[in-house]
Amino acid sequence: MSERIKAVLDPICREVGNDRTSLLDILREVQHRCGGVSGEAVDLIAKRLNIARVEVESVVSFYAFLSDKPNGNVVIRICDDIIDRMHGSETVARAFESELGIQMGQTTEDGKISLTHTPCIGMCDQAPAALIDDVVVTHLSSDTARSIVAELRENPDPTRLVKELGNGNNAHDLVSSMVQNNIRLRGPVLLADFEPGTALKKALSLSPVEVIRNVKTARLRGRGGAGFPTGMKWEFTRATKADKRYIICNADEGEPGTFKDRVLLTEYPDLLFEGMTIGGYAIGAAEGIVYLRGEYAYLRKFLESVLERRREEGLIGKNVCGVEDFEFDIRIQMGAGAYICGEETALISSCEGLRGDPKNRPPFPAQSGYLGYPSSVNNVETLCCAARIMEHGPGWFSSHGTDRSAGTKLLSISGDCKRPGIYEVSLSTSLKEILSLAGAEDAQALQVGGPSGQMVGRQEFDKTICYDDFATGGSMMVFGPQRDLLEVVHAFLEFFVEESCGYCTPCRVGNVLLKQGIEKILDGKGEPADLPYLEELAQTVKMASRCGLGQTSPNPVLSTLKRFRSEYERRVKPALDGRQPDFDLSEAVAQAVSIVGRESTHS
Amino acid sequence: MSKPKIATTSLAGCFGCHMSLLDIDERILELAELVEFHKSPINDIKSFSAQCAVGLIEGGCCNEENVEVLRAFRSNCDVLISVGDCAIMGGIPAMRNMIPLEECLQEAFVDGPTVHNPTRAIPNDVEIPLLLDKVYPCHEVVKIDYHLPGCPPPADTLWEALVALLNNKPISLPYDLIKYD
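Chains as they are written, first to last, in this note's numbering: chain U, 1 to 603; chain S, 604 to 784.
Hints are supplied without guarantee of correctness; some may be wrong.
Said to hold, decoys possible - Not close to chain S: a few residues of chain U, all C-beta gaps over 10 Å, as computed: (1) Gln106; (2) Phe583; (3) Ala592.
Unchecked claim - Okay, the calculated bits of chain U under chain S, using three or more residues with CB under 8 Å as the criterion: (4) 400-412; (5) 584-590; (6) 595-601.
Said to hold, decoys possible - For lysine to any residue, the following SDA-like pairs were computed, each having C-alpha atoms within a straight-line distance of at most 20 Å: (7) Lys746(S) / Ser586(U); (8) Lys772(S) / Gly322(U); (9) Lys782(S) / Leu576(U); (10) Lys649(S) / Asp584(U); (11) Lys746(S) / Phe583(U); (12) Lys746(S) / Ala575(U); (13) Lys525(U) / Ser643(S); (14) Lys573(U) / Ile702(S); (15) Lys201(U) / Gly322(U); (16) Lys525(U) / Glu743(S); (17) Lys746(S) / Ser176(U); (18) Lys772(S) / Asp584(U); (19) Lys649(S) / Leu576(U); (20) Lys746(S) / Pro528(U); (21) Lys782(S) / Phe583(U); (22) Lys746(S) / Gly322(U).
The hints are simulated quantities; they were obtained by calculation from the structure and are not laboratory data. Quick caveat: nothing in here was measured; it's all calculated off a predicted structure. The C-beta atom is built at its ideal place from N, Cα and C for all residues, glycine as well.
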């Protein structure tokens, strides 16, 4: 074993006490320092943590930001979601390729720069965008791509690529990012001024049970999309007998087209941490974990500094706000590029330093979560809402929205609209109003809730955003009349195929079959019987998959078959003589023809 | 009224499904009462001369001749049934799908440890149908109406399915007939 690797690795492992649950942190650090996690490094880590080699290897292979082969000194990851594509990310990618003289997925010969795609990095409102190491670059064009390459060749430090700082805290010293907040509409609940400490002090004047009761009275439901009542989740977590409990903030905002948590993390970190502290007090936790997606690493130092300030102000730490016996602290767990980690049990796996595989439920995290302790996993926005409920009271909160959907919702609107960005609207706002706010009156379709949500057409634009009509985590992708919706469905399926963890067959195989089915139709080789087949297959994947990914990944197919069936029907035609139109005999024998050197006698 | 005709074939299969069909034992006499066997290895009729009610397909498609036969079945049979795992999903022959065709042939005829082939030639007679790039399940080549799983499907499964189909009744296969572990 080379001494060099030892010299790098040993301190990294020692710093976390050779703790197996810190494996992801170790690997992130090794990746950062060495550009990859080599076989030698895997061996040594396995030895130091006293685990099997395959356990380390499986984690390396799972996360997109870890690699077994060395990357270049700088890694350019071009965001490849449908919105970025609509804004020309493919042209940008070609420009990077030609300028660097390499293809996607390759590294320049001098080992300096790697180029690759990555799914949505949460910048759809300023697309096309890319991550260069941890630095976000937005509004790319083929020209900027060329100048970026030229600058990186001169000086490999990507922070120098940021010429103009974004607004708000994006300009903060510890962020120094060109990202813009794009807050287009502020509502009364989330995007209002906040004085750190106000909500927490009110919460601490109540008993934990009263805090939970207030959250229940406010009828707060989870803002990640599923809409589970937050008070109930806290109550269940509190009710489980255990030595320790955890409150975990899901800041793995991976649903393509959503970027609201980015803005909350940038502008309202105190509100979030306060919500977590309140949650910790309510369920009886002494530790909170923010699971921050790897793509938002540029916010980490800033968030750490806010936590440090709150420690100094006594808002976290020992005896929070002077309340004896209430000790609560928050740490940030970085993700490493895996959409599935937004699923709460996968997120817990990832916090434990494992592959981000979902776990079986039951037991639910409220019974047995992080390291087996009862845990409450809540969305960033949910925790912010909880803080506001403490600040202004449950009645004030539930006076916004409707009976079953109280409060406001942050929407991330992007795509074919004049004003992409963040909108805080009352729950029960109609899709039509939302589209007109964003300047997208001519929209042909609106993807509500990201790829895992619903594709909605004009005939339903009168319906509203709420838990009864269209529940959403906040992703709103607008598709104008010029867009081919089947291409959109195809892009979504590509995403799910890539992001499926592969544990269960319906999801691992089913999504590939769905994608092939759509490709067949896009190629003009579909036949009418393909439509009921796709429907049946989609239902099977939904019903038989283990976690939320496979249970929702067929939604693009199902919702377009339901609402935009003509898009399919106009492309399919009955097959001749009962033959499958996508089977081409001459193509199938082409290899054999070239091997044996004679033509086929069949046609 | 003439009896409905039935045709069968084995493509890239092992004839196990046909053996299973013969396993219906003395009920084969009953079957002969119900149907007339047309093109089939059982009676060695080589080509279609009449439209058949049912075609039973064993095996997937591994070469161009399989495709031609399958297409002829599709044109000449009202109802086509994929019988057994090879027809339904390629089965054992499809194990080669993970390996490029050239490598397969090289290993089978030249480099394999038990191969004696001093000329290192890969068989190439015009009589030998060209192999497809991979083994295809039947429904990827033509439209298939029904699938009867099993390796092979038990005789009783085949019997129940055929009798139900020929009597125009809904098929009911008890769990025992479609349980394979």
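Going down the list of hints, with the structure as the test:
Against chain S, the non-interface label of glutamine 106(U) holds: every CB pair exceeds 10 Å, the least being about 23 Å. Separation of phenylalanine 583(U) from chain S is inadequate, the least Cβ-Cβ distance of about 5 Å not exceeding the 10 Å criterion. Its beta-carbon lying about 4 Å from the closest one in chain S, alanine 592(U) breaks the requirement of being farther than 10 Å from that chain. Counting residues of the segment 400-412 of chain U whose CB falls under 8 Å from any CB of chain S gives 0; the rule of at least 3 is not met.
Using a Cβ-Cβ cut-off of 8 Å, 5 residues of the segment 584-590 of chain U lie near chain S, which meets the minimum of three, so the contact claim holds. Using a Cβ-Cβ cut-off of 8 Å, 6 residues of the segment 595-601 of chain U lie near chain S, which meets the minimum of three, so the contact claim holds. Between the alpha carbons of lysine 746(S) and serine 586(U) the distance comes to roughly 19 Å, so the proposed pair stays at or under 20 Å and holds. Our distance criterion of 20 Å between C-alpha atoms is broken by lysine 772(S) and glycine 322(U), whose separation comes to about 79 Å.
A C-alpha spacing of about 36 Å is found between lysine 782(S) and leucine 576(U), which places the hinted pair above 20 Å, so the restraint is violated. At most 20 Å may separate the alpha-carbon atoms for a hinted pair to count; lysine 649(S) and aspartate 584(U) exceed this at roughly 25 Å. Between lysine 746(S) and phenylalanine 583(U) the alpha-carbon distance is near 11 Å, which keeps this suggested pair within the 20 Å criterion. Annotation: proposed proximity of lysine 746(S) to alanine 575(U) holds, straight-line Cα distance about 9 Å (limit 20 Å).
The suggested pairing of lysine 525(U) with serine 643(S) is violated, with an alpha-carbon distance near 32 Å, which exceeds 20 Å. About 34 Å separates the Cα atoms of lysine 573(U) and isoleucine 702(S), which puts this hinted pair outside 20 Å; it is violated. Straight-line distance between C-alpha atoms of lysine 201(U) and glycine 322(U) comes to about 10 Å, which keeps the hinted pair within the 20 Å bound. Restraint check for lysine 525(U) and glutamate 743(S): the C-alpha separation of about 12 Å stays at or below 20 Å, so the hint holds.
For the proposed pair lysine 746(S) and serine 176(U), the alpha carbon gap of about 60 Å is over 20 Å, so the pair is violated. For a cut-off of 20 Å, the pair hint linking lysine 772(S) to aspartate 584(U) is broken: about 36 Å separates their Cα positions. For the suggested pair lysine 649(S) and leucine 576(U), the alpha carbons sit about 25 Å apart, so the restraint of at most 20 Å is broken. Simply put, lysine 746(S) and proline 528(U) have alpha-carbon atoms about 12 Å apart, close enough for the 20 Å limit, and the pair holds.
Only pairs whose Cα atoms come within 20 Å are accepted, and lysine 782(S) paired with phenylalanine 583(U) is rejected, the gap being roughly 32 Å. Between the alpha carbons of lysine 746(S) and glycine 322(U) the distance comes to roughly 74 Å, so the proposed pair goes past 20 Å and is violated.
In the structure shown, a violation is registered for the earlier hints numbered 2, 3, 4, 8, 9, 10, 13, 14, 17, 18, 19, 21 and 22, in ascending order.
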